[in-house]
Amino acid sequence: MLTVIIPALNEGKTIASVVKFCLAEPLVTEVIVVDDNSEDNTAIIAREAGAKVIVSKIRGKGFSMKEGVEESKNELLVFLDGDIDPYPEGTIKNLTAPLLTDEADFVKGAFARNAGRVTELVAKPLLNILFPGLAHFSQPLSGMIAGRKSFFKKIEFFNDYGVDIGILIDMYLMKARVKEINIGYIENKSKPWEALGKMSKEVSRAIISKTQGQPAAGLTEEDVFSMETINREMNKVLKEELSGFHKMAVFDMDDTILKGRFIDECAKAFGFMPVLQDLRAAEKDPIILTKRIGLMLKGKTMDDLLNVAERIEMVDDIKEVVQSLKGKKYIVGIISSSYTLITNYVKQKIGADFSLAYNQEFIEGRASGEVNLPSYFFGSPESVCGHSFCKTNALQYACEKYNVRMENCIAIGDSKDDRCMVGHAGKGIAFCSNDSLLEKIADLSIRKKSFESLLSLA
Amino acid sequence: MPNRLYNILVPVTFSGRDKWAMAKAVELANNFNCNIHFVHVVHKYIAPLIPVEASVFTPYESHADRMDSYELLKHMAAVYKAQLCGNGKIEISVLEGNAGKKLADYIRQYDMDMVIVGLSRFNLLQRILSSVSISKLARRTSIPVLAVGSAGLICHFKKIILPVHEEVPLGRIKLATMLARTFKSTIYMLTLRKENNAAEKILNEALEIVQSISTIPVQGIILEGKNLAKSTLDFAKRINADLIMINPLKEFNLPGWWNRLTKKLLTYGSKIPVITVEKNVQQS
Numbered sequence: 001m002l003t004v005i006i007p008a009l010n011e012g013k014t015i016a017s018v019v020k021f022c023l024a025e026p027l028v029t030e031v032i033v034v035d036d037n038s039e040d041n042t043a044i045i046a047r048e049a050g051a052k053v054i055v056s057k058i059r060g061k062g063f064s065m066k067e068g069v070e071e072s073k074n075e076l077l078v079f080l081d082g083d084i085d086p087y088p089e090g091t092i093k094n095l096t097a098p099l100l101t102d103e104a105d106f107v108k109g110a111f112a113r114n115a116g117r118v119t120e121l122v123a124k125p126l127l128n129i130l131f132p133g134l135a136h137f138s139q140p141l142s143g144m145i146a147g148r149k150s151f152f153k154k155i156e157f158f159n160d161y162g163v164d165i166g167i168l169i170d171m172y173l174m175k176a177r178v179k180e181i182n183i184g185y186i187e188n189k190s191k192p193w194e195a196l197g198k199m200s201k202e203v204s205r206a207i208i209s210k211t212q213g214q215p216a217a218g219l220t221e222e223d224v225f226s227m228e229t230i231n232r233e234m235n236k237v238l239k240e241e242l243s244g245f246h247k248m249a250v251f252d253m254d255d256t257i258l259k260g261r262f263i264d265e266c267a268k269a270f271g272f273m274p275v276l277q278d279l280r281a282a283e284k285d286p287i288i289l290t291k292r293i294g295l296m297l298k299g300k301t302m303d304d305l306l307n308v309a310e311r312i313e314m315v316d317d318i319k320e321v322v323q324s325l326k327g328k329k330y331i332v333g334i335i336s337s338s339y340t341l342i343t344n345y346v347k348q349k350i351g352a353d354f355s356l357a358y359n360q361e362f363i364e365g366r367a368s369g370e371v372n373l374p375s376y377f378f379g380s381p382e383s384v385c386g387h388s389f390c391k392t393n394a395l396q397y398a399c400e401k402y403n404v405r406m407e408n409c410i411a412i413g414d415s416k417d418d419r420c421m422v423g424h425a426g427k428g429i430a431f432c433s434n435d436s437l438l439e440k441i442a443d444l445s446i447r448k449k450s451f452e453s454l455l456s457l458a
Numbered sequence: 001m002p003n004r005l006y007n008i009l010v011p012v013t014f015s016g017r018d019k020w021a022m023a024k025a026v027e028l029a030n031n032f033n034c035n036i037h038f039v040h041v042v043h044k045y046i047a048p049l050i051p052v053e054a055s056v057f058t059p060y061e062s063h064a065d066r067m068d069s070y071e072l073l074k075h076m077a078a079v080y081k082a083q084l085c086g087n088g089k090i091e092i093s094v095l096e097g098n099a100g101k102k103l104a105d106y107i108r109q110y111d112m113d114m115v116i117v118g119l120s121r122f123n124l125l126q127r128i129l130s131s132v133s134i135s136k137l138a139r140r141t142s143i144p145v146l147a148v149g150s151a152g153l154i155c156h157f158k159k160i161i162l163p164v165h166e167e168v169p170l171g172r173i174k175l176a177t178m179l180a181r182t183f184k185s186t187i188y189m190l191t192l193r194k195e196n197n198a199a200e201k202i203l204n205e206a207l208e209i210v211q212s213i214s215t216i217p218v219q220g221i222i223l224e225g226k227n228l229a230k231s232t233l234d235f236a237k238r239i240n241a242d243l244i245m246i247n248p249l250k251e252f253n254l255p256g257w258w259n260r261l262t263k264k265l266l267t268y269g270s271k272i273p274v275i276t277v278e279k280n281v282q283q284s
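Those sequence lines, one after another, are chains A and B.
Number 86 in the working numbering belongs to position 86 of the first sequence; there are no gaps in the numbering.
Number 226 in the working numbering belongs to position 226 of the second sequence; there are no gaps in the numbering.
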């Protein structure tokens, strides 16, 4: 007699079919769906389909599995995923056959599919070094397993992506008889790339943590050093090689994305235009000028400033162009000599990925007049231009952060301030610029208020 | 703008000049951590001045040539590999066909950033027979071509000469600032005095561009003279310069009817290494 345990989270679309599939198997006397506090109607549908439903106290697959084990009445347990529909015929029979014939205490189900990236790049290499006895498993991360309750009760369940590999290693360390069975072809969605980082981290942590205090694993100092060296060198090569594939487009904000300059509009709105003009004429040091202009905004609320920004029109096709660039796998950002409050607002409006600008300090919602200049605008020994304070330094910072080569960047600007950034980017664009030297430095000079033509360079 | 070099191509002809180009490539590769590509083009016509490839009629012999060349390149790569101290690698390739065309294809296909050629003292016959024309290669590929003679084996480019004619030489300025940043050099921008101050205006613009995109020391110098190439060479010798950067334009041809007739670029009359850069700026 078998109990099937199905940990489920928001699987209302498939759970009924999975429960019915389990109940159709004559050996199954109990189907437990452990609902992980789903936001849809997974629990109701599962109950209607004939499953016993328990709601997990803590969210996470590991806890759900543990609760399912405690709730089960049979000695032989099968764990299935709730999002696979259909399962190949005979899945449960195949998974439990070695248990019923007493050939195994734990069975891992493998199925035909493209090799999982985390399986191939993380789990298998680590198992090879740390647990060579498990290196032959083709899908060590598979969640379709069967085993004896007495063994499951002795193990500790990880509550993240490490749960399945953790169970396999625990069974191996308990000297349970472990077997891998092919259960046929399953249509399984690959994880989105954003999830792969978390998954890699949790899987590797699970494998490495199981080696601690296990003399059987026999990790020598040389093993540790060699793993560290391989990892370091692999990361270095990957970073270098992958940087060639990443691309970035960086826009200046004032008079480029916006049809005007934010501080000029503030000067008009708050009546300090003459003072601003005098200051610009008198002060040549860009840092002091920035600090002194910041003082003019003292006492203004965030709303005051955002209202001014909202009134400045944007170039008509900026949103479409940003979308097109993103469609071409560009990371899109803003590097501006304005304030992050405004650049972030514009970033949201146009759908860009990041913005780098100065920080106007706010105390209780009002500008203190103090402007903090982020360190990425300042030069370092690695600075490509050598300027002590420059947008190119910020561009270099963004390139390092997003692992993009400067040659793969497009920089778009309009003024003297942008010359260096436009000159150093792989492709520099002068946008409706009055600066003849910027136009000379740039690879492309756009004179219409439209970004469409930059797409030809992307 | 190139912020560093990734791949340097050295066309190998198995002549004595190769070693100067190879040694310079190794120096640059050690500074930029870049790869070097030794490429030999097997190129044999059935008879002089008849542009039909011999390999069409004697494929076996041509194959043997390629194999021999490959073995020689392998040996050369092994010798120079020992001198590489960065992460750079030496790649070798043997191609067959028209040298200029094959090299240009290779440059495009594998994203070369610079070509380095060894240069013997000027000899018209040799230039005619030479498989690689510096100005043609620079024009065809739009990447810098560095010509090094036997006297050009120095380990740095501390003084870079950048002659300016009628336009701001943006491509050369960008390359010069990149090299100057690496070698902590000074850039000397030269131009010839003209009556209407036009030269000064261009020179000032060029100086301002260098200052806009870098903090490299730069000097602007207006020279007296009629031929920019000759004045540049004289000045370079006077200050003991390490590198001259030119465009493959007629302004950089040396004076004299014979030089004009044979289009003798400054490159061929200089003991100082010369980089030839084709200007390539897009405007819409």
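Hints are not guaranteed to be accurate.
[Stated by the list, open to error] Here are some of the chain A residues that sit facing chain B, going by a computed Cβ distance under 8 Å: (1) M174; (2) R177; (3) K300; (4) T301; (5) L373; (6) P374; (7) Y376; (8) H387; (9) C420.
FYI, nobody ran anything at the bench for these hints, they're computed from the structure.
Heads up, the beta-carbon is just placed ideally off N, CA and C, and yes, glycines get one too.
Here's how the hints hold up against the structure:
1. M174: Constraint on M174/A not satisfied, violated at 46 Å.
2. R177: violated (49 Å)
3. K300: violated (33 Å)
4. T301: violated (37 Å)
5. L373: violated (19 Å)
6. P374: violated (21 Å)
7. Y376: Cβ of Y376/A sits 17 Å from chain B, so the hint is violated.
8. H387: holds (6 Å)
9. C420: holds (5 Å)
The structure fails hints 1, 2, 3, 4, 5, 6, 7 (numbered hints given earlier, in ascending order).
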